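Since the structure of chain A is provided, determine the placement of chain B on it from the hints.
Number of protein chains: 2
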Amino acid sequence: MKNLKNPESTFGKLISRQKVCFLGTFGLDGYPHIKAMLAPRKRNGIKEFFLSTNASSQKVKALRKNPKACLYFCDRLFYRGLMLEGTVEILEDQDSKTMLWEKGDDKFYPEGVTDSDYCVLKFVATSARYYHHYQSFDLNPINSPEGDE
Amino acid sequence: MKNLKNPESTFGKLISRQKVCFLGTFGLDGYPHIKAMLAPRKRNGIKEFFLSTNASSQKVKALRKNPKACLYFCDRLFYRGLMLEGTVEILEDQDSKTMLWEKGDDKFYPEGVTDSDYCVLKFVATSARYYHHYQSFDLNPINSPEGDE
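Residue numbers (our numbering), protein chains in the order written: chain A, 1 to 149; chain B, 1 to 149.
Same shape as in the complex, but just chain A:
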């Protein structure tokens, strides 16, 4: 693949179009695991991603043991895929939980924004691999964006 002029922009647009993403983790049973999740509610460029999930879930248990993960975005329409590699931090402080909370979330967390089963996953990407038309392009490292979006 030719070099991309502005990979951050290309990747950011691909990410913004997706409603779903896929989180890859090391399962506690010794197998790689994949789980579909709603797309990150907040991100800083293509470096930091914030997702809400259940603290009691299998993937959170696995991430507490091994925080290495990948986040995959699939653009079926254009046969493109983006895999970000990085690590996940599990945020359970109230500020982080409040920051990501949305109206209607009490459907999943009956005790509301302080529900102990509600937590935030902060994924920090270190590298990216982009697939398009059966070719791939690597971006390593991923730098922090100048501003938030």
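Treat the hints as calculated values from the structure; they're not laboratory data.
No experiment lies behind these values; they were computed from the predicted model shown.
Backbone N, C-alpha and C fix where the C-beta goes; we use that ideal spot for every residue, glycine too.
Check each hint, because a few of them may be wrong.
[To be verified] Every beta carbon over 12 Å from chain B, so not counted as near; a handful from chain A, in silico:
1) LEU4
2) LYS5
3) PRO7
4) THR10
5) ILE15
6) LYS42
7) ARG43
8) GLU48
9) ASP75
10) THR87
11) LEU91
12) GLN94
13) TRP101
14) VAL113
[Stated by the list, open to error] From the derived model, a few chain B residues whose C-beta atoms are all more than 10 Å from chain A:
15) LYS5
16) ASN6
17) GLY12
18) ARG17
19) ASP29
20) HIS33
21) ARG41
22) GLY45
23) ARG76
24) GLU92
25) ASP93
26) THR98
27) ASP106
28) SER116
29) PHE137
30) PRO141
[What the hints assert, rightly or not] These stretches of chain B come out as covered by chain A in the derived footprint (C-beta under 8 Å, 3 or more residues):
31) 21–28
32) 61–74
33) 78–85
Just chain B, lined up with the frame of chain A:
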């Protein structure tokens, strides 16, 4: 989740509706990896899956080192997901390659069905985890089907 009456049938229908699946592997760089792939061209129930791919690809290199993998099918329409855990065997014998070859594949493998970069992944599932409406259901072990489909 209540017990499923016939998980093999429920899972098989979900799989048959997908054009794309996601393969999870242990990346050689020490991170979990995900790659979107065209849905398996052939399968035996929910036990054995056959996919065609490039022998030189990153995921095949990773699978030669560690054959443990997962295959994820995402049914966006109904908010359902299915993760199969198992191992991948890389088939490079001519019979396997001929068995999975389809018209038009020479677009990807210029030397045709004998192209050394063309290989078959045989994924054998040992267990399954099914997600539906924020609940999960485990099937372990996965038995061989009585017949092919």
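When you look at the beta carbon of B/ARG41, is every beta carbon of chain A farther off than 10 Å? holds, 17 Å
Hey, is A/LYS42 genuinely clear of chain B, shortest beta carbon separation above 12 Å? holds, 21 Å
Say whether it holds or is violated: A/LEU91 keeps its Cβ farther than 12 Å from all Cβ of chain B. Nearest chain B Cβ is 20 Å from A/LEU91, so the label holds.
Can we trust that B/ASP106 is non-interface, i.e. its beta-carbon lies farther than 10 Å from all of chain A? holds, 14 Å
Does B/ASN6 really sit off the interface, with its C-beta more than 10 Å from all C-beta atoms of chain A? It holds; B/ASN6 is separated from chain A by about 23 Å at its closest Cβ, greater than 10 Å.
Given as non-interface: B/SER116, which should sit over 10 Å from chain A by C-beta: Consistent with the label, B/SER116 stays out of reach of chain A, its closest Cβ about 17 Å off (over 10 Å).
Is the nearest Cβ of chain A still more than 10 Å from the Cβ of B/GLY45? holds, 20 Å
Would the non-interface assignment of A/THR10 survive a Cβ cutoff of 12 Å against chain B? Given that every Cβ of chain B is farther than 12 Å from that of A/THR10, nearest at about 17 Å, it holds.
Please settle this one: B/ARG76 was flagged as non-interface, so is its CB more than 10 Å from every CB on chain A? B/ARG76 not clear of chain A: closest Cβ-Cβ about 6 Å, inside 10 Å.
Beyond 12 Å from every chain B Cβ - status for A/LEU4: Label holds. Min Cβ-Cβ 19 Å, cutoff 12 Å.
Should the label of B/THR98 as a non-interface residue stand, given a Cβ cut-off of 10 Å to chain A? holds, 22 Å
12 Å Cβ clearance of A/ARG43 from chain B: holds, 18 Å
Checked against the numbered hints given earlier, the structure breaks hints 9, 10, 19, 20, 23 and satisfies all the rest.
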